[in-house]
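These protein sequence lines are chains A and B, in that order. In terms of numbering that gives the first Met the number 0, the first sequence opens at residue 0 and continues consecutively. In terms of numbering that gives the first Met the number 0, the second sequence opens at residue 0 and continues consecutively.
Hint data in this document are derived by calculation from the structure and do not stem from the laboratory. Quick reminder that beta carbons are idealized off the backbone N, C-alpha and C, glycines included. Warning: the hint list may mix true and false statements.
As the list claims (entries may be wrong) - The calculated lysine to aspartate or glutamate pairs, modelled on DMTMM-like cross-linking and capped at a C-alpha distance of 25 Å, are:
1) A/K24 / B/E177
2) A/K329 / A/E128
3) A/K24 / B/D134
4) B/K169 / A/D181
5) A/K24 / B/E128
6) B/K82 / A/D28
7) A/K684 / B/E200
8) A/K684 / B/E176
9) A/K684 / B/E177
10) A/K24 / B/E96
To be verified - Away from chain B, derived, C-beta distances all over 10 Å, residues of chain A:
11) T12
12) A268
13) T277
14) Q303
15) L414
16) L516
17) T643
18) I748
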Amino acid sequence: MGSTRLVGENYTTPDLLAKVTGRAKYAEDFRVDGMLFAKLLLSPFPHARVLSVDTTAAEAMPGVRGILRAGELPAPADTVTDLGETIRANPMGERALTDEPVYAGEPVLAVAAIDEETAAAAIEAIRIEWEPLPFVVDPLESLRPDGPNPREQGNSWGRAPSEAGGPPGELVVQSIKWASADWGEVDEGRLPEGDHQTDWSYGDLEAGFRDAALVLDETFSTPNNQHHCLETRTALAYWQNGKLFMHTGTQSAVQTVASISRWMNLDLADVVLITEYTGGGFGSKATGAVSCMIPAMLARKTNQAVMMRITREEEQMIGGLRPAVHGRIKAGFARDGRLLAVDMMTVGESAAYEAQGDAGTSGRIVSLVYQPAAMRMRSTTVLTNTPPRRAQSQPGGFQGIMLMEPVVWKAARELGIDQVAMRRLNAPVGKAQFGPPSGNGTLPHVTSSFLVECLDRGAELFDWPTRVARSGQRNGSTVRGAGVAVSSFVAGSVGFDGLFLITPEGRMIVKSGIGNLGNENVFDVHRVAAEMMGVPWDKVDIHWGDTANHLPWTCVSGGSQTTHAMTRAAHAAATDAIAKAKEIAARTLGGNAAAYRVADERVSDGARSMTLAQVAQQAIRLGGRFDGHELPENINRVTTTAATALAGQGLMGVARDTYPRDGTTFGFAAGFAEVEVDLETGRYKVLDFTAVGDSGTIIHPRNYGGQLLGRSVLGMGHALAQKTVYDQHYGLSLANRFYQNRPPTILDIPRNMQWDAVNLPDPETPVGAKGIGEPPVAAGAMAILNALSAALGDEIYRRAPVTLDTVLMALEHGRPMQEPLTAHI
Amino acid sequence: MHDNAPIPRGGPTNVTRRTFIKGVIAGGVVVSSTAYLFRNGPLSAQAARAGTVERLMTLEVNGQSRRVDVAPNETLANTLRYKLGLTGTKLGCDRAECGACTVLVDDVPRYACSVLTHSVRGRRIQTVEGLAAADGTLHPIQQGIIEEQGFQCAFCMSGFMMATVGFLKKNPNPTREELAHGVSGNLCRCQDYDKILTALERGAQLAREA
Numbered sequence: 000m001g002s003t004r005l006v007g008e009n010y011t012t013p014d015l016l017a018k019v020t021g022r023a024k025y026a027e028d029f030r031v032d033g034m035l036f037a038k039l040l041l042s043p044f045p046h047a048r049v050l051s052v053d054t055t056a057a058e059a060m061p062g063v064r065g066i067l068r069a070g071e072l073p074a075p076a077d078t079v080t081d082l083g084e085t086i087r088a089n090p091m092g093e094r095a096l097t098d099e100p101v102y103a104g105e106p107v108l109a110v111a112a113i114d115e116e117t118a119a120a121a122i123e124a125i126r127i128e129w130e131p132l133p134f135v136v137d138p139l140e141s142l143r144p145d146g147p148n149p150r151e152q153g154n155s156w157g158r159a160p161s162e163a164g165g166p167p168g169e170l171v172v173q174s175i176k177w178a179s180a181d182w183g184e185v186d187e188g189r190l191p192e193g194d195h196q197t198d199w200s201y202g203d204l205e206a207g208f209r210d211a212a213l214v215l216d217e218t219f220s221t222p223n224n225q226h227h228c229l230e231t232r233t234a235l236a237y238w239q240n241g242k243l244f245m246h247t248g249t250q251s252a253v254q255t256v257a258s259i260s261r262w263m264n265l266d267l268a269d270v271v272l273i274t275e276y277t278g279g280g281f282g283s284k285a286t287g288a289v290s291c292m293i294p295a296m297l298a299r300k301t302n303q304a305v306m307m308r309i310t311r312e313e314e315q316m317i318g319g320l321r322p323a324v325h326g327r328i329k330a331g332f333a334r335d336g337r338l339l340a341v342d343m344m345t346v347g348e349s350a351a352y353e354a355q356g357d358a359g360t361s362g363r364i365v366s367l368v369y370q371p372a373a374m375r376m377r378s379t380t381v382l383t384n385t386p387p388r389r390a391q392s393q394p395g396g397f398q399g400i401m402l403m404e405p406v407v408w409k410a411a412r413e414l415g416i417d418q419v420a421m422r423r424l425n426a427p428v429g430k431a432q433f434g435p436p437s438g439n440g441t442l443p444h445v446t447s448s449f450l451v452e453c454l455d456r457g458a459e460l461f462d463w464p465t466r467v468a469r470s471g472q473r474n475g476s477t478v479r480g481a482g483v484a485v486s487s488f489v490a491g492s493v494g495f496d497g498l499f500l501i502t503p504e505g506r507m508i509v510k511s512g513i514g515n516l517g518n519e520n521v522f523d524v525h526r527v528a529a530e531m532m533g534v535p536w537d538k539v540d541i542h543w544g545d546t547a548n549h550l551p552w553t554c555v556s557g558g559s560q561t562t563h564a565m566t567r568a569a570h571a572a573a574t575d576a577i578a579k580a581k582e583i584a585a586r587t588l589g590g591n592a593a594a595y596r597v598a599d600e601r602v603s604d605g606a607r608s609m610t611l612a613q614v615a616q617q618a619i620r621l622g623g624r625f626d627g628h629e630l631p632e633n634i635n636r637v638t639t640t641a642a643t644a645l646a647g648q649g650l651m652g653v654a655r656d657t658y659p660r661d662g663t664t665f666g667f668a669a670g671f672a673e674v675e676v677d678l679e680t681g682r683y684k685v686l687d688f689t690a691v692g693d694s695g696t697i698i699h700p701r702n703y704g705g706q707l708l709g710r711s712v713l714g715m716g717h718a719l720a721q722k723t724v725y726d727q728h729y730g731l732s733l734a735n736r737f738y739q740n741r742p743p744t745i746l747d748i749p750r751n752m753q754w755d756a757v758n759l760p761d762p763e764t765p766v767g768a769k770g771i772g773e774p775p776v777a778a779g780a781m782a783i784l785n786a787l788s789a790a791l792g793d794e795i796y797r798r799a800p801v802t803l804d805t806v807l808m809a810l811e812h813g814r815p816m817q818e819p820l821t822a823h824i
Numbered sequence: 000m001h002d003n004a005p006i007p008r009g010g011p012t013n014v015t016r017r018t019f020i021k022g023v024i025a026g027g028v029v030v031s032s033t034a035y036l037f038r039n040g041p042l043s044a045q046a047a048r049a050g051t052v053e054r055l056m057t058l059e060v061n062g063q064s065r066r067v068d069v070a071p072n073e074t075l076a077n078t079l080r081y082k083l084g085l086t087g088t089k090l091g092c093d094r095a096e097c098g099a100c101t102v103l104v105d106d107v108p109r110y111a112c113s114v115l116t117h118s119v120r121g122r123r124i125q126t127v128e129g130l131a132a133a134d135g136t137l138h139p140i141q142q143g144i145i146e147e148q149g150f151q152c153a154f155c156m157s158g159f160m161m162a163t164v165g166f167l168k169k170n171p172n173p174t175r176e177e178l179a180h181g182v183s184g185n186l187c188r189c190q191d192y193d194k195i196l197t198a199l200e201r202g203a204q205l206a207r208e209a
């Protein structure tokens, strides 16, 4: 890397001034002349069919400009991958509007009017004849022999039979019921052992349990949970010259153009997305929100701009949820604490639309983080008439850790082993393997794991021995407990493109297709390219958030991919530009290109040198690949379009990340918490928290610390208070606002939290950097719940969140009093 | 506890038992929301009736007198955002739960989503747009955030800043604990509280030094 050191240094991101002055515009902050406002009519039923709609009175109201019905939406287009493979659109998948709502609150139709009051009044004037249909909001109820189905076809996704050697059959909804005999153990609070959709294993499970000194069989349940983005999925749309202009929040600028074009059945070139600022996503806005079609369609219909403001209640319904997972884990431990065998079963809850893979992913993460010698994993995902499930920070991994940590905690206690030592003993090291086995029976492996180092550093920072010594000791009516938890999730993808220009004035213009969620990797990753080019940061301009601005093909910002994927792409583009600059210098000044070096805004071989500005001027004169008139063949067509538009403006760095990678990239974290419980009230307080992450090389330390602790607190919300509540008889949600389903406030967390990073480079990526967003979530949640176990004993909870009544009831009865298997209570 | 008491289940028989959903039901049972509405169009003038409050009023915002036509049921957040173009004040919930819309009314932090504009006639209103000096010099709280890279998505940021500025007028030298209580009516969903508190503390320190 060059002499201008940027990677690993703190700096002020280029969006911060606009944010502190209130000039940063989020979707709802834009205004367009003659802009209409849209309101939604939401289903009052968890499952129903619209038999007829009478809009006569609404249409006659002054100020009403257009009404949009589900039948007017374009059919979703198939997806064609970069490899030319066609993925058929799911005809039963989620759309923006529907005539057969499958959850209470699902949008049925929309009205555009000159203002919101008029649109709302028009909705009140619309008469609908409904046919209520059977529904279910509890996945286990649906699995019972006579259980209701959430859709007429059944309660789970499957595939139609396919021809031998042909492509997989299309997605269909089918019915899964578990026989009466399977349900015996439900009364003991154990997840029934029915037939599952997926079943994988490795190692000798029987031998593992036979050799075990301790076998535990525990059932836990994780909460459903809204993402609670502070900015709802508001969208403003208008059309100009056949192009759709969309203002909305998203996690991924460029990838959201692709999803909007698919939803709207439009060419990529006919979608312009403006998304410079987004008020939170957490997985629920990975590639935008399908509801943004509504203002787009209404704008086309009315020939006016349409703003659709989404209210907090609507966001609770359409914004999506993390899927709950009911899990049962039978685990066998050797006397020294080594995990010999895990037999894990999960039932994941889904909406009646596309299912998330959380129930299955939970087993993969348990396999990686605790390294059992043998493991079997069975899982089933069941559809219900509840809001759409979307990925939420550490999807599946969070639930896996939440199901397994209490088992490991209890085992260490029964075997008399220190909790940190127990996790250290079973931690993945180096290129650790994990399940499920691949097609040829071998286990995949990670690129690197420094989880042991996370535990060691965290134990030191947190002063673990001192806190353990006072753990469980009573002081008046209070008792303290110290907890630790380990966690992991995927942390990087490969194969995306980098694109920048060095201008004839010597500035560096970087095109960033990443969304701006405020975790700053939309800027951070490009510090890599600037450092390699030897360009000082104040001469770097980053263009982001407006896809008319020629942005390259970029990863989805989800699953903590971005820092890894886009530092690789930035590195590839800079490597391309450096090679070109050296060649230009050799051609211009003489000598051998290989002898030249790029540093401090110059290209020099020691004797001869020219500035990058001069190199850029030469690049334009030379044309061809130097200034983007000829482009690499392996870049994405989105990048080709962008680079073509920029050709001739300077020295172009453009390349696809083709660096090799041995293994799958995962990040790791360890969390440490101390709690104080009041035995008389059941109230508990988090006194202290420390998180240490392994994300390879740290690009932007202050941002990293914010992510590490921020995601930890997001996880704590699941431990402390957040959950959904459903009336099972009517299928209606009873927790629809922040105060009913409360995320942590600043008073719920310790005043001073500590963080650190192992900061050892991942060996399988040129910059060494991995993502961090996901692993701290479960580490934060489970450090707290384990600390509660330390204070009060293992038999405290069977589900999260653990509220003060959970604590009081368990103390009074000496066992967990919340049964784990009923959903949404 | 684990007595597996039968849970009422939604099934076809259940549905038909329920009389309230029989037959034709009006569509507007769940209108998307009754709050969060504002009337901005030309029809809104028709709402003015004799005996109601004078709609045209003067608001003192960020040191300027702004003449504005305000409906009787209009919230300060909507007036600021939709009539005066001051979109730095955000709406996160519109029901006084999240604090994203916090502004100062006579130096006191208030949730602008839950203040009727007509109730602040003649009062001094300050929004995030009024924090920096006319020459662009940042307020110490803004400067503290810049220096510490406070906040992530920043949708809550203007509310946090206004709550802090208001709190510091009463307690210019708060402890970290006191400052946390001062902004405890503000929700950050990125949950970046630790870094936020550090940035606001830095801002408070800069304000004392100024």
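A quick look at each hint next to the structure:
1. Pair hint A/K24 plus B/E177 does not hold up; C-alpha atoms about 31 Å apart against a cutoff of 25 Å.
2. Among the hinted pairs, A/K329 with A/E128 is inconsistent with the structure: their alpha-carbon atoms are about 50 Å apart, more than 25 Å.
3. For the given pair, A/K24 sits about 21 Å from B/D134 by alpha-carbon distance, which is consistent with the 25 Å threshold.
4. The suggested pairing of B/K169 with A/D181 is violated, with an alpha-carbon distance near 64 Å, which exceeds 25 Å.
5. At most 25 Å may separate the alpha-carbon atoms for a hinted pair to count; A/K24 and B/E128 meet this at roughly 13 Å.
6. For the proposed pair B/K82 and A/D28, the alpha carbon gap of about 12 Å is at most 25 Å, so the pair holds.
7. The straight-line distance between the Cα atoms of A/K684 and B/E200 is roughly 23 Å, inside the 25 Å bound, and the hint therefore holds.
8. A C-alpha spacing of about 15 Å is found between A/K684 and B/E176, which places the hinted pair at or below 25 Å, so the restraint holds.
9. For the hint pairing A/K684 with B/E177, the CA-to-CA distance comes to about 17 Å; that is within 25 Å, so the pair holds.
10. Restraint check for A/K24 and B/E96: satisfied, since their Cα atoms lie roughly 22 Å apart, inside the 25 Å limit.
11. Residue placement check: A/T12 does not keep its beta carbon more than 10 Å from all beta carbons of chain B (closest about 7 Å).
12. With a cut of 10 Å on Cβ distances, A/A268 stays outside the contact zone with chain B, its closest approach being about 29 Å.
13. The Cβ of A/T277 sits about 6 Å from the closest Cβ of chain B, inside the 10 Å cut-off, so the non-interface label is violated.
14. Every Cβ of chain B is farther than 10 Å from the Cβ of A/Q303; the closest lies at roughly 12 Å, confirming the non-interface assignment.
15. The claim that A/L414 lies off the interface holds: its Cβ sits roughly 27 Å from the closest Cβ of chain B, which is beyond the 10 Å cut-off.
16. Once the 10 Å rule is applied to beta carbons, A/L516 is inconsistent with being away from chain B; the minimum gap is 6 Å.
17. Every beta carbon of chain B lies more than 10 Å from that of A/T643, the smallest distance being close to 33 Å; the non-interface claim holds.
18. Residue-level check failed: A/I748 sits 6 Å from the nearest beta carbon of chain B, not beyond 10 Å.
In the structure shown, a violation is registered for the earlier hints numbered 1, 2, 4, 11, 13, 16, 18, in ascending order.
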